[in-house]
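Please construct the entire structure, taking both the sequences and the accompanying hints into account.
Heads up: the sequence lines are chains R and S, in that order.
Number 23 in the numbering used here belongs to position 25 of the first sequence; there are no gaps in the numbering.
Number 160 in the numbering used here belongs to position 156 of the second sequence; there are no gaps in the numbering.
One should not assume that every hint holds.
[Stated by the list, open to error] Below, in silico cross-link-like pairs of lysine-lysine (BS3-like), each with a Cα-Cα straight-line distance of 30 Å or less:
no.: 1; chain 1: R; residue 1: Lys110; chain 2: S; residue 2: Lys126
no.: 2; chain 1: R; residue 1: Lys60; chain 2: S; residue 2: Lys101
no.: 3; chain 1: S; residue 1: Lys139; chain 2: R; residue 2: Lys35
no.: 4; chain 1: S; residue 1: Lys127; chain 2: R; residue 2: Lys8
no.: 5; chain 1: R; residue 1: Lys8; chain 2: S; residue 2: Lys126
no.: 6; chain 1: S; residue 1: Lys134; chain 2: R; residue 2: Lys35
no.: 7; chain 1: S; residue 1: Lys43; chain 2: S; residue 2: Lys19
no.: 8; chain 1: R; residue 1: Lys110; chain 2: S; residue 2: Lys127
no.: 9; chain 1: R; residue 1: Lys60; chain 2: S; residue 2: Lys43
no.: 10; chain 1: R; residue 1: Lys60; chain 2: S; residue 2: Lys138
no.: 11; chain 1: S; residue 1: Lys138; chain 2: R; residue 2: Lys8
no.: 12; chain 1: S; residue 1: Lys76; chain 2: R; residue 2: Lys35
no.: 13; chain 1: R; residue 1: Lys110; chain 2: S; residue 2: Lys134
no.: 14; chain 1: S; residue 1: Lys139; chain 2: R; residue 2: Lys60
no.: 15; chain 1: R; residue 1: Lys8; chain 2: S; residue 2: Lys184
no.: 16; chain 1: S; residue 1: Lys76; chain 2: R; residue 2: Lys110
no.: 17; chain 1: R; residue 1: Lys110; chain 2: S; residue 2: Lys138
no.: 18; chain 1: R; residue 1: Lys60; chain 2: S; residue 2: Lys130
no.: 19; chain 1: R; residue 1: Lys8; chain 2: S; residue 2: Lys76
no.: 20; chain 1: R; residue 1: Lys60; chain 2: S; residue 2: Lys19
no.: 21; chain 1: S; residue 1: Lys130; chain 2: R; residue 2: Lys110
[Unchecked claim] Derived DEER-like restraints, expressed as beta-carbon distance ranges:
no.: 22; chain 1: R; residue 1: Asn54; chain 2: S; residue 2: Gln113; range: 48 to 56 Å
no.: 23; chain 1: R; residue 1: Asn1; chain 2: S; residue 2: Tyr10; range: 51 to 59 Å
no.: 24; chain 1: S; residue 1: Glu97; chain 2: R; residue 2: Glu108; range: 27 to 35 Å
no.: 25; chain 1: S; residue 1: Glu165; chain 2: R; residue 2: Asn32; range: 29 to 37 Å
[Stated by the list, open to error] Sample of chain R residues facing chain S (criterion: CB under 10 Å; computed from the structure):
no.: 26; residue: Lys3
no.: 27; residue: Thr7
no.: 28; residue: Tyr29
no.: 29; residue: Val34
no.: 30; residue: Thr38
no.: 31; residue: Ser102
FYI, nobody ran anything at the bench for these hints, they're computed from the structure.
Think of the CB as a built atom: it goes at the ideal place given N, C-alpha and C, for glycine as much as any other residue.
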Amino acid sequence: MDNLKIERTKSTPYIFFDAASGRLRVEGESYPENVVKFYTPVLDWLHGYFAEGADNITLEFKVAYFNSSTSKVFMTIFDLLEEYVTTGRMIEVVWICDRDNDVSIECGEEFKEEVEQLSFRIEAC
Amino acid sequence: MDIAMYKLYQDLKAKNILLTYCGAIAQESIEGIGDTVRKSLAAEEAETSTALTVFSIFIEQVQNILNYSAEKLAVRQDDENELRFGMVIVGRENSGKFFVCCGNKIFSQDVPMIESRLDELKKLDKEELKALYKKQRRSVQEPGSKGAGLGLIEMARRAAEPIAYSFEPAEDGWFFFSIKVVVGR
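Right under this line is the structure:
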């Protein structure tokens, strides 16, 4: 399976999903005009990756700011991961944020509250 | 138009307006003005969280103009590149709190829906708003809608005071919708 790499812009994050290692990273800010259009390839890649039997994944989110429609897409991603956790895969989400950024920490906590079996770790540094 | 702008400039300055934008809005303008908003807040020595909250309200408001303003200027055939008109103001109250105001034209038939949504939000406390936000985040997006329907709830959650809003009759059967969100320091 090919890696997924999308360069960062002012309103969309850098995306690097490394198929071989299972290390997936989303870094930057997210407030695109068309959220669905931007994230469709990202969701498609994840669906394809799981279909190929991927079983050990770490997904790192380092997103200092995201708008409300991005929040909905992130929820969709976490729901998808949760679905695959219940089929026995090892998946961990790491929510990385600035220690001084209460808003970002709170956003991470509110996602964590929404998942049950998915390992969701908040790393404030 | 009278070219003597000093009076307008003085009025805006006297009201502690950090930034005013009125006209056609595109995603690129949002990104550019957004940067300026952040720099202005840094110059005002706003806390990291305050600056991020003001910025996020600014983004939700201008993206609402981009998604919902009834007044548009189509520059190309495809919908994605159309420009929509509106105005946005970022300023500071005498109390030191920041505010973000936004105004744009809407269709008269949309007034009751927007008004009832805002009225409902006004009745909710922070915990209820959080619950509603989470519920809406998981709901299926309405067909044809550009947004996730979360923007107003997000603003209500971040606001330090109840959201102020009004609907004024405008020409050709339109209404002018104004909204103001105050952010704590």
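Hint check:
no.: 1; hint: R:Lys110 to S:Lys126; in the structure: holds, 27 Å
no.: 2; hint: R:Lys60 to S:Lys101; in the structure: holds, 29 Å
no.: 3; hint: S:Lys139 to R:Lys35; in the structure: holds, 23 Å
no.: 4; hint: S:Lys127 to R:Lys8; in the structure: violated, 36 Å
no.: 5; hint: R:Lys8 to S:Lys126; in the structure: violated, 33 Å
no.: 6; hint: S:Lys134 to R:Lys35; in the structure: holds, 27 Å
no.: 7; hint: S:Lys43 to S:Lys19; in the structure: holds, 19 Å
no.: 8; hint: R:Lys110 to S:Lys127; in the structure: holds, 27 Å
no.: 9; hint: R:Lys60 to S:Lys43; in the structure: holds, 22 Å
no.: 10; hint: R:Lys60 to S:Lys138; in the structure: holds, 21 Å
no.: 11; hint: S:Lys138 to R:Lys8; in the structure: holds, 27 Å
no.: 12; hint: S:Lys76 to R:Lys35; in the structure: holds, 22 Å
no.: 13; hint: R:Lys110 to S:Lys134; in the structure: holds, 14 Å
no.: 14; hint: S:Lys139 to R:Lys60; in the structure: holds, 24 Å
no.: 15; hint: R:Lys8 to S:Lys184; in the structure: holds, 26 Å
no.: 16; hint: S:Lys76 to R:Lys110; in the structure: violated, 40 Å
no.: 17; hint: R:Lys110 to S:Lys138; in the structure: holds, 12 Å
no.: 18; hint: R:Lys60 to S:Lys130; in the structure: holds, 26 Å
no.: 19; hint: R:Lys8 to S:Lys76; in the structure: holds, 24 Å
no.: 20; hint: R:Lys60 to S:Lys19; in the structure: violated, 37 Å
no.: 21; hint: S:Lys130 to R:Lys110; in the structure: holds, 19 Å
no.: 22; hint: R:Asn54 to S:Gln113: 48 to 56 Å; in the structure: holds, 53 Å
no.: 23; hint: R:Asn1 to S:Tyr10: 51 to 59 Å; in the structure: holds, 57 Å
no.: 24; hint: S:Glu97 to R:Glu108: 27 to 35 Å; in the structure: holds, 28 Å
no.: 25; hint: S:Glu165 to R:Asn32: 29 to 37 Å; in the structure: holds, 32 Å
no.: 26; hint: Lys3; in the structure: violated, 22 Å
no.: 27; hint: Thr7; in the structure: holds, 8 Å
no.: 28; hint: Tyr29; in the structure: holds, 5 Å
no.: 29; hint: Val34; in the structure: holds, 8 Å
no.: 30; hint: Thr38; in the structure: violated, 13 Å
no.: 31; hint: Ser102; in the structure: holds, 8 Å
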